[in-house]
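Enquirer: Build the full structure now, drawing on both the sequences and the hints.
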Amino acid sequence: MTSNENTGLERQLGAGSLAINAINLTIGTGIFILPAYVAGYLGTMSFLAYLFCSILMGLIMLCFAEMGSKETSTGGAYMMIKDAFGPLAGFLSNTLFWLGYGVLSDAAILNVMSDMLGIWFPSFNEYWFRTFFIFVVIAIFAIVNIRGVKSGIRMVVILTILKLIPLVLLVLVGLFSVQAENLGMTALPDVSTFGAACILLFFAFGGSESALNISGEMKNPGKTIPRGIFMGITGILIIYLLIQFVATGILGAELALFQEAPLAEVGIRLVGPIGGTILIATGVISMYALIGSDTMVMPRLPFAASVNGLLPKVLSRVHPKYKTPHIAIISYCSIIFIMAISGGFKTLAILSSSAVLIIYLGVVLAMFKSRLKPDLTNPPMFKVPGGLLVPILSLLVLIWVLSYVPFNEYMAIGIFFILSTLFYYGYGWRKKSN
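Quick note on numbering: the sequence shown equals residues 19 to 452 in the working numbering.
The set of hints was computed from the structure by calculation and includes no laboratory data. Here the structure is a predicted model, which means the values were calculated and not measured. Heads up, the beta-carbon is just placed ideally off N, CA and C, and yes, glycines get one too. The reader is advised that the hints may include incorrect statements.
Listed next, the in silico BS3-like pairs over lysine-lysine satisfying Cα-Cα at most 25 Å (straight line) [what the hints assert, rightly or not]:
no. : residue 1 : residue 2
1   : Lys341    : Lys168
2   : Lys449    : Lys331
3   : Lys391    : Lys401
4   : Lys387    : Lys401
5   : Lys450    : Lys331
DEER-style ranges, computed between Cβ atoms [claimed, not checked]:
no. : residue 1 : residue 2 : range
6   : Tyr428    : Leu390    : 36 to 44 Å
7   : Lys331    : Ser141    : 36 to 44 Å
8   : Pro330    : Tyr428    : 26 to 34 Å
9   : Leu69     : Ile410    : 17 to 25 Å
10  : Leu390    : Thr149    : 48 to 56 Å
11  : Leu414    : Leu275    : 29 to 37 Å
Expert: As structure tokens, then:
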């Protein structure tokens with residue numbers, strides 16, 4: 019069984035750690051601008067899109083839960099796809115996940131975070147100061163995560179609590195200031211408008227699947243993974259719905275006008291300018307926490323690929339003292355730093371939004387194969403009821419979502435796959451030659 023694969027990593031994390039990491043990876047920067055954009059599409063009917071998207075995301079996560087209870091080694095979605103469709107498919111999904119999605123989005127977030135701090139401190143608008151700041155941020159997370167997955171998850175938990183406390187307080191205080199007239203129901207939106215809003219929200223719900231990259235370091239993963247996924251998705255839905263309810267109830271139709279910082283405006287309406295400052299600071303903390311989670315979970319992908327002989331062997335080294343993939347962590351953080359300070363990532367950032375959908379598609383298809391040709395030597399410890407109903411519905415949802423992806427994104431992904439395939443065969447040929 020893959021869960022018994024000896025990679026040198028230690029199983030130290032439980033369902034609570036997985037759930038918190040999933041919440042942190044999902045509730046990142048989007049929550050601080052999301053309410054205004056959704057209100058711009060649907061007005062007071064926004065909650066319908068949240069409920070609909072939570073059902074859609076729930077279907078996808080059911081597939082992850084079943085496959086995750088079966089494939090419990092480090093690598094998460096990558097290992098699910100590789101075992102189902104072979105090393106080339108696994109390598110493409112692995113590279114797309116950590117490079118096309120993880121590195122580029124983290125580099126973008128670092129620059130956005132620097133821009134926000136530049137509002138208060140003009141030095142952040144100077145290239146060399148910004149470069150030093152980005153280096154320090156990345157170096158801190160690299161050191162923390164090298165020293166052990168427990169120290170990494172501990173920092174993530176602390177940062178997640180710090181960013182959730184202001185949001186929870188915003189909801190608790192805001193509930194007493196909600197104006198009933200601002201919540202009046204309007205006419206149902208047309209299908210295209212509702213679809214556009216759902217696409218936006220579907221991307222916002224993404225991120226929790228990255229938490230499974232550290233499956234090889236979870237205790238009793240067959241039970242921990244499904245439980246942690248359900249806890250995380252439930253927490254995300256509750257937080258999203260409450261924040262949208264409060265923001266709509268306080269700002270009403272004006273909510274759609276504050277697309278740069280809607281929650282900061284809610285804070286100002288509730289407690290004055292200090293409220294806006296607190297919410298902007300929370301946004302910075304949220305971005306910092308999101309990068310912290312990514313630098314913990316994403317390096318496990320190149321590590322797992324290296325273990326399987328798809329990337330250079332050096333990436334699969336485990337620190338003799340801390341039992342962490344220290345070379346993979348350093349490599350991942352170094353690439354983020356280079357992309358963040360060069361700005362070159364902007365031309366490839368188009369990949370990050372659709373890359374995760376391709377990963378979802380691969381996992382759903384892997385579940386199809388698992389159901390049609392079950393592996394009796396390694397059955398899933400958690401099985402979704404309903405036969406093929408869930409994977410069929412998940413596939414239909416993904417086809418619907420992918421139909422909204424612009425053609426230029428497909429072109430970018432196609433080029434990425436071609437280059438990755440050339441590297442795959444070139445590296446394989448070089449290994450045989452040596």
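Enquirer: Please go over all the hints and tell whether each is borne out by the structure.
Expert: Going down the list of hints, with the structure as the test:
{"no.": "1", "hint": "Lys341 - Lys168", "result": "holds (11 Å)"}
{"no.": "2", "hint": "Lys449 - Lys331", "result": "holds (11 Å)"}
{"no.": "3", "hint": "Lys391 - Lys401", "result": "holds (15 Å)"}
{"no.": "4", "hint": "Lys387 - Lys401", "result": "holds (14 Å)"}
{"no.": "5", "hint": "Lys450 - Lys331", "result": "holds (14 Å)"}
{"no.": "6", "hint": "Tyr428 - Leu390: 36 to 44 Å", "result": "violated (28 Å)"}
{"no.": "7", "hint": "Lys331 - Ser141: 36 to 44 Å", "result": "holds (42 Å)"}
{"no.": "8", "hint": "Pro330 - Tyr428: 26 to 34 Å", "result": "holds (30 Å)"}
{"no.": "9", "hint": "Leu69 - Ile410: 17 to 25 Å", "result": "holds (21 Å)"}
{"no.": "10", "hint": "Leu390 - Thr149: 48 to 56 Å", "result": "holds (52 Å)"}
{"no.": "11", "hint": "Leu414 - Leu275: 29 to 37 Å", "result": "holds (36 Å)"}
Consistency with the previously given hints fails for number 6 only.
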